[in-house]
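These protein sequences, in sequence, are chains A and B. Counting in the numbering used here, the first sequence runs from 1 upward without gaps. Counting in the numbering used here, the second sequence runs from 259 upward without gaps.
These are computed hints drawn from the structure, not numbers from a lab. Computed from a predicted model, the values in this text were never measured in an experiment. Built from N, CA and C at the ideal position, the CB exists for glycine as well. Among these hints, one or two may not hold up.
[Unchecked claim] In the DSSO-like style, the derived pairs of lysine-lysine whose C-alpha atoms are separated by at most 27 Å in a straight line are:
(1) 296(B) x 670(B)
(2) 670(B) x 83(A)
(3) 83(A) x 66(A)
(4) 109(A) x 124(A)
(5) 480(B) x 109(A)
(6) 83(A) x 109(A)
[What the hints assert, rightly or not] Below, a sample of chain B positions facing chain A; criterion: calculated Cβ distance under 10 Å:
(7) 287
(8) 480
(9) 602
These are the residues of each chain, in order.
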Amino acid sequence: MTDGGDHLIELVDLHKHYRVGTEIVRALRGVSLAIDVNEYVAIMGQSGSGKSTMMNILGCLDIPTKGNYLLRNQDVARLSQSKLARIRGRQIGFVFQSFELLSRTTALKNVQLPMLYAQMSNKKRRAVAALEKVGLMDRAHHRPNQLSGGQKQRVAIARALAQEPDIILADEPTGNLDSQTGDDIMRIFDSLHAEGQTIIVVTHEEHIAEHCHRVIRLRDGLVMSDERRGRRIPIAPLPGRAAIAEAVAPPMQNAIAV
Amino acid sequence: MRFHPINIVRRPFRWAVSAASRNAQNVATAAVQIWANKGRSVLTTLGIVIAVTSIITVISVVQGFGNYMTNMVRGYGTSFIVVHPWYEGERHGHGMREPTLDIHDITAVRGECPDVRRITPFVFTHNAVVSYGREKAEEIPIRGVAEEYQLIRNFPADAGRFFGPVDVDNAEPVAVLGRTLLTLLECDESIIGDYIYIDDTRFLVVGLLAEKGSFGDGDQDKTIMIPYTRSIRMYPDRTRSMSFLAEATDEDHIDAAYAQIQRTLRQRHGLTVEQPDDFYIERQDQSLQSFEEIRNISSGILGGIVSISLLVGGIGIMNMMLVSVTERTAEIGLRKSIGARRRDILLQFLTEAVVLCTFGGLIGVALGYGLSKLASMHPSMVPAEVPWWAVAAALGCSAGTGIVFGVIPAFKAAILNPIDALRHE
Ligand SMILES: Nc1ncnc2c1ncn2[C@@H]1O[C@H](COP(=O)(O)OP(=O)(O)OP(=O)(O)O)[C@@H](O)[C@H]1O
Ligand SMILES: [Mg+2]
Chain A
1 MTDGGDHLIE
11 LVDLHKHYRV
21 GTEIVRALRG
31 VSLAIDVNEY
41 VAIMGQSGSG
51 KSTMMNILGC
61 LDIPTKGNYL
71 LRNQDVARLS
81 QSKLARIRGR
91 QIGFVFQSFE
101 LLSRTTALKN
111 VQLPMLYAQM
121 SNKKRRAVAA
131 LEKVGLMDRA
141 HHRPNQLSGG
151 QKQRVAIARA
161 LAQEPDIILA
171 DEPTGNLDSQ
181 TGDDIMRIFD
191 SLHAEGQTII
201 VVTHEEHIAE
211 HCHRVIRLRD
221 GLVMSDERRG
231 RRIPIAPLPG
241 RAAIAEAVAP
251 PMQNAIAV
Chain B
259 MRFHPINIVR
269 RPFRWAVSAA
279 SRNAQNVATA
289 AVQIWANKGR
299 SVLTTLGIVI
309 AVTSIITVIS
319 VVQGFGNYMT
329 NMVRGYGTSF
339 IVVHPWYEGE
349 RHGHGMREPT
359 LDIHDITAVR
369 GECPDVRRIT
379 PFVFTHNAVV
389 SYGREKAEEI
399 PIRGVAEEYQ
409 LIRNFPADAG
419 RFFGPVDVDN
429 AEPVAVLGRT
439 LLTLLECDES
449 IIGDYIYIDD
459 TRFLVVGLLA
469 EKGSFGDGDQ
479 DKTIMIPYTR
489 SIRMYPDRTR
499 SMSFLAEATD
509 EDHIDAAYAQ
519 IQRTLRQRHG
529 LTVEQPDDFY
539 IERQDQSLQS
549 FEEIRNISSG
559 ILGGIVSISL
569 LVGGIGIMNM
579 MLVSVTERTA
589 EIGLRKSIGA
599 RRRDILLQFL
609 TEAVVLCTFG
619 GLIGVALGYG
629 LSKLASMHPS
639 MVPAEVPWWA
649 VAAALGCSAG
659 TGIVFGVIPA
669 FKAAILNPID
679 ALRHE
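Turn these sequences into a full structure, and let the hints steer you where they fit.
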């Protein structure tokens, strides 16, 4: 165990520079922060402030130029390629703004894909459960081009959560969706959070950020502010998780039933 | 270093199991990809199909032709030696010299060479005129031989009989006809027992030679055999170039027979050590050997040409794989983002390449097989044969091409940073 706390994520003086021709773009210029289990964090900031850069590093999709990224007290920079692949597959569920589904395979197969690389058992059962959670079981055998934007994003979320990751990272998950559909997506995150899931969401929109209980604002590659808010969605202390999920997030079926 | 025996035993086992399941998965993924890109897959495969088809066809035809030639040469008999009455390198000895071989040489060889089993003089006349009733055939080669010739050269009579030693001793005017003569003289087997005229001498037809077919340009059945004693009488000038054929006791004794004949003749001709042979001994097994050599060389050259076509097919595959990787860089990025290792990506693309190539290879083998069968159906074509090693080589080559040319783009894809791949344009 390293310095002081037992955080899930810890960034220490993180820098990321991009080389564009002869110029160097400093996308992150010394970010330090810590995120704990079951936090529900919104990352905000102007375009170009470094949000995606930071998320990519958090998701082990990119490596920092300088500084440390500790995931469960483990310095990610020291890990081998295959260990990194394992982390990407098992510990992190990444949700992209543009969904990034395999276009030629069904929703169900898409959801199974990370588990395939992670060699998990019960792939089908887990995938079905994940699709049920996002209320999309009736579209399990549809291909992405047969789904709406919101449905695609829900498939992507199911894919991110099927292998029960430690963290779900979502980079502008509602960026390509209208505000109504965006809110539906956020309600799914709300319910996942209520079940104990750690979630980090990048967004431009205040009403999306309002779902979260902590907002970190970036500006020019630095943390400008980091504020905690009262929890809008209380973590219900006692009843079973499934009950909460149902109570908090009315999935599609409920909406139709009403 | 400490050893953990249990780990040592368990690990490879677990690895093998997981590798097997991954490979199965990879083949499935590859199959899905290939199916999803039907058009492109077909085009890629086409290169390999053409390459393999040409390999199989060329090899089978060469092989078939080679077999045909070998059988032909073997059919001539390979354990005999021809002794010519000219110096080595001299062509047909039409010099002004006295003839160097006579019938006494032959008698001496027969008597003194234990490894010579059979021997026959050979007096050849190129173009006799043959007539039968009102039919007439010109430019017929006449072979004046002893009765043993039919055994040495494998020229049995399959109707009537060959002439015998008595016919030879008495220089009887008897003839054995090749089958082509029947056509030329417009008659059938009933000619046996009838008379024909060869250059105005009357001959009794005693038999017909079994059919031999043609070899190159020469029709082996367009010939007449008569006792050499009669030839000498009819064509005294041909006696100059009388040669003889000697058959060794078996193929392993050709060397011994050769040496014995050489010694006997040199002795008889009174040659000193410095003087070269005044005769020339030609070995048939040598021509078989040099023929095999030619066949191997031409196979090699054709093999080279064929490898080039395989290379071209391989470059097609490599190109396709590069395009496919570039096209699908985002997909690779996504796969890596959700936990695919470099190895998984590499394996996926490799499998795709190998499956494509093997598929193309199989189609190519089938097509090549069909083509060579088709070629065999042409009347003047020898039966082509597809040797198993050609199939193995073609399939191996095509799968190998897939691996070699799949590795480069697959590796290129596998080492990409996930986010760079995902954002690649
Ligand atoms: N691959 C790259 N090469 C060069 N520069 C880059 C690269 N990716 C990002 N940048 C630069 O880094 C800075 C931060 O980019 P980033 O994508 O993190 O911003 P962002 O906060 O996510 O913006 P947005 O809200 O528009 O998505 C920008 O100035 C951008 O131009
Ligand atoms: Mg961004």
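Outcome of the hint check:
Distance hint between residue 296(B) and residue 670(B) is fulfilled; the C-alpha atoms sit about 23 Å from each other, no more than 27 Å. A threshold of 27 Å between alpha carbons decides the hint, and for residue 670(B) with residue 83(A) the separation of about 20 Å falls inside it, so the pair holds. Between residue 83(A) and residue 66(A) the alpha-carbon distance is near 20 Å, which keeps this suggested pair within the 27 Å criterion. For the suggested pair residue 109(A) and residue 124(A), the alpha carbons sit about 9 Å apart, so the restraint of at most 27 Å is met.
Restraint check for residue 480(B) and residue 109(A): not satisfied, since their Cα atoms lie roughly 76 Å apart, outside the 27 Å limit. Between the alpha carbons of residue 83(A) and residue 109(A) the distance comes to roughly 24 Å, so the proposed pair stays at or under 27 Å and holds. Because the closest C-beta pair between residue 287(B) and chain A is about 9 Å apart, less than 10 Å, the hint holds. Annotation: interface hint on residue 480(B) violated; nearest CB of chain A at approximately 70 Å, more than 10 Å.
Taking 10 Å as the C-beta contact cut-off toward chain A, the hint placing residue 602(B) at the interface holds, the least distance being around 6 Å.
This entry does not satisfy hints 5, 8, going by the numbered hints stated previously.
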